[in-house]
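**Q** Residues per chain are reported as follows:
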Amino acid sequence: MSDKMVVDIGKALTSEKINSINEEKIIIATENLNFYYVADKPALIDVNIAIPEKKVTAFIGPSGCGKSTLLRCFNRMNDLIPDIKVHGKILIDGDDIHSNNIRLEDLRKKVGMVFQRSNPFPMSIYENVAFGPKVNGENSKSELDAVVESSLVQADLWREVKDRLNDSALDLSGGQQQRLCIARALANKPDIILMDEPASALDPISTGKIEETIEELRGNYTVVIVTHNMQQAARVSDYTAFMMVGELVEFNDTRSLFTNPNKKLTEEYITGRFG
Amino acid sequence: MKKGNEDFIKKGDPYILLTSMGLVFTLTMVFVLLGIILVNGLGIFWPSDLYEVKLSDNRVLIGEKWATDLKKSQGEADITRSQLKIGNRDIYGFDFAWFQDKEVESIVANPELVLIERYEYGNFYGYIESLHTESNIYDKSSENFVDKILVTLSMVDDLKEEFVDKRKEHTDLLSPLNEIRRGSSLLKMNEEYLSSDEKELLSEYEQQEKDFLESNNHDIVIIENEISDLDKRINEFFITVRTGDGIEKEIHLKDIVRFHQPNIMNVFSKTIHYLAKVWEFVYDGPRESNTEGGVFPAIFGTVMMVILMSILVVPFGVLTALYLNEYAKQGPIIRMIRLSVNNLAGVPSIVYGIFGLGFFVYMIGGSIDSLFFADKLPEPTLGTGGILWASVTLALLTLPVVVVATEEGILAVPKANKEGALALGATKWQMIKDIVLPNAMPGILTGLILAISRGAGEVAPLMITGVVKLAPAMPFDMEFPFLHLDRKFMHLGFHIYDVGFQSPNVEAAMPMVYSTALLLIVIVVLLNIFSIYLRNQLKKKYKTSSF
Ligand SMILES: Nc1ncnc2c1ncn2[C@@H]1O[C@H](COP(=O)(O)OP(=O)(O)OP(=O)(O)O)[C@@H](O)[C@H]1O
Ligand SMILES: [Mg+2]
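These protein sequence lines are chains B and F, in that order. Counted from 1, the first sequence has number 228 at position 228 by our numbering; the numbering is strictly sequential. Counted from 1, the second sequence has number 1274 at position 274 by our numbering; the numbering is strictly sequential.
Among these hints, one or two may not hold up.
[Claimed, not checked] Quick partial rundown of chain F residues pointing at chain B, CB under 10 angstroms, derived from the structure:
no., residue
1, T1152
2, I1334
3, K1415
4, G1425
5, D1434
6, I1435
7, P1438
8, S1453
9, G1457
10, K1541
[Stated by the list, open to error] Computed list of chain B residues with no C-beta within reach of chain F, every gap over 10 angstroms:
no., residue
11, D106
12, M113
13, N119
14, E216
15, H228
16, P261
[Unchecked claim] Under the rule of at most 20 angstroms between Cα atoms (straight-line distance), these lysine to aspartate or glutamate pairs were calculated in the EDC-like manner:
no., chain 1, residue 1, chain 2, residue 2
17, B, K134, F, E1419
18, F, K1539, B, D106
19, F, K1541, B, D106
20, F, K1540, B, D171
21, F, K1428, B, D167
22, B, K189, F, E1419
23, F, K1329, B, E127
24, B, K134, F, D1434
These are computed hints drawn from the structure, not numbers from a lab. Virtual Cβ for every residue (Gly too), placed ideally from N, Cα, C.
Only chain B is shown next, with the shape it has when bound in the complex (with noise of 0.2 angstroms):
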């Protein structure tokens, strides 16, 4: 794999001549993106990322480097914050999501979240995980227990809550909590879900079982992960990026990146001599 080759893979993207790394499909490109919290100050500058589908890809970097803006730029959730201007264009299976055609519910349903602070809504578990397919518009009573049902069971909660789904959400531990918001976002049948460092605030156990549970979606889902835990990279995602002061600094899979990296950046990153 060439320098130029990672470089210049998003930018070629719409040429389809390249539509693959490592003949991949790629599910999420962005082409020359800029976004800007505050005009004059790019929290990200020109990234081209392509992203293969059904795949786990990390994003790593420096506190800071834009991690968490380019993941948030891939549902939209930035559009929240007021101001905010974003140059270049983001596609998901080859379409713009900021063209007019595009309802931004169908965007979301479609691209899920799991967020860094696990967020349960103050119901039941059952109602919790009930609620995306019930704002798109499932109200079949058996169709919502089945869907209940088989993500709880994808996020290997299925098990310990079984016998009370109609309990509170807020009485599941800390780790089960998290697992509940990534059975949420698999409630809507997402075709990818992002993950802003899903296991920062757990402890190793529950870490690892969110590990566990990545490792299951694997195939089935395109996973898109922040994590600031290197090993966690390494162990979990097939591809890499790597971040700094709000531009892509190199994409590529994880074996490679970690191992034979490109950039002398890469290098001092990942072995510890700076971030």
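Since the structure of chain B is provided, determine the placement of chain F with the ligands on it from the hints.
**A** Using the frame of chain B, we list chain F with the ligands on its own:
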């Protein structure tokens, strides 16, 4: 010594002392207030002993001990005076009498002394001499005299009920006739200017009237005879009574509410009497320009007005708060609006009253009248004060409280939950409906509690938007359409003002003021307890995430 002093000040002990004194002072005020109202408000229904007082100038007074006071006079000995409630307003013209204690020759609590509560002229104090029925005359020495009166009294009550029923039958029978007469009298008013069509209509009306009278004449005569017979019968029952100074008088049984002889009552019968009086107070209408009887219409009016106000103010307040926090773009304009809303809470309530009168009653009510009730004009329907406009005015008055409390509730909803809902594909409205509103519910209910407390106690704006001292009918009854929003109503707060300061007999009405005040406090407390209970239930349900 000096060092100790410095320490004392440094540790802030004086300030702790000061704050605790503030608390003690506040609590004392509250308890003194409640104590006075409780003692005076609950005490008046307890039957107190009656005394017959002989004075040195040969006057004899009978009544309840009411007050004593001490007049300090220079040089001479102090004068202690006592006041007696002597009733018998029809005889003496006033309810109370003062006498100096040194004038007293004897005070006895004669067991035969009786207190008669009447529908007119207040209480009678004195002795019962004899009972006259249709067929008999019983002397006070006859056997079971008091029981006989009681039995006869309840018989007269039954006759009175029958009388009322017959009267209703009579009006029902005549109601079609009244309808016809209203039509013809309208035409007759301008008889000279009638068109030929109208003349025809008039003669048709007259024909109808004649027909009606002819066909129903028999029934009408029968009922009218029955009514006058009943009236005659009822008037044949009376008792003769004697005052302390020997004046004799007849009192018709139909004019008697109840009577008792407190001096020979034991605690048990006094309790029963007490409960009956409390019951009357809470469940009956007022008598004697509100100084006697009950306050039920006022309770009903107060509660209903508060409920109407809540129904109006909560949705408006919540919508306003939602818009301010969720939809509006935060900036100087919104800050200004928020500031103005908060400041509205400080506008004197009478200003709201005047606004309510000018805007709601005259403008909106007047326009509605000229659009929909034009046939009744110049008699106003909604263009005059009524429970609807009073509630709307109070809703406006309490709106800022609800907005502020709801905003606090909305701000307390965790941002993470809102983002979580949106990230699942919920629309903004779904997010507000499913996440924000349920979680803000405790805040909304806090606003409701504050609004109720403020609204239930407000009097000034009501006085000009629909409260009256005596409403002819309740704003809710069994008559279609059941809820009469255009009607005037009575209100406990205004009742207190009216009875205490506007009644012709302020002194006699004073206890009523205390018991009405007590009742108003009880109602506000009950309404509050209910909403606090509701809020706590919701808080338990929506306790915010904590880990
Ligand atoms: N709401 C916001 N308004 C203005 N600036 C913001 C906002 N959120 C983030 N930023 C800025 O944008 C830059 C990127 O932030 P971002 O949260 O994406 O970093 P990050 O890589 O996720 O960091 P961390 O690893 O600490 O989470 C930072 O300089 C941050 O200060
Ligand atoms: Mg971050």
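**Q** Now tell me if each hint is right for this structure.
**A** A quick look at each hint next to the structure:
no., hint, in the structure
1, T1152, "violated (67 angstroms)"
2, I1334, "violated (12 angstroms)"
3, K1415, "holds (9 angstroms)"
4, G1425, "holds (4 angstroms)"
5, D1434, "holds (7 angstroms)"
6, I1435, "holds (6 angstroms)"
7, P1438, "holds (8 angstroms)"
8, S1453, "violated (28 angstroms)"
9, G1457, "violated (34 angstroms)"
10, K1541, "holds (7 angstroms)"
11, D106, "violated (7 angstroms)"
12, M113, "violated (4 angstroms)"
13, N119, "violated (4 angstroms)"
14, E216, "holds (21 angstroms)"
15, H228, "holds (19 angstroms)"
16, P261, "holds (33 angstroms)"
17, K134(B) / E1419(F), "holds (17 angstroms)"
18, K1539(F) / D106(B), "violated (33 angstroms)"
19, K1541(F) / D106(B), "violated (31 angstroms)"
20, K1540(F) / D171(B), "holds (12 angstroms)"
21, K1428(F) / D167(B), "violated (27 angstroms)"
22, K189(B) / E1419(F), "holds (19 angstroms)"
23, K1329(F) / E127(B), "violated (31 angstroms)"
24, K134(B) / D1434(F), "holds (11 angstroms)"
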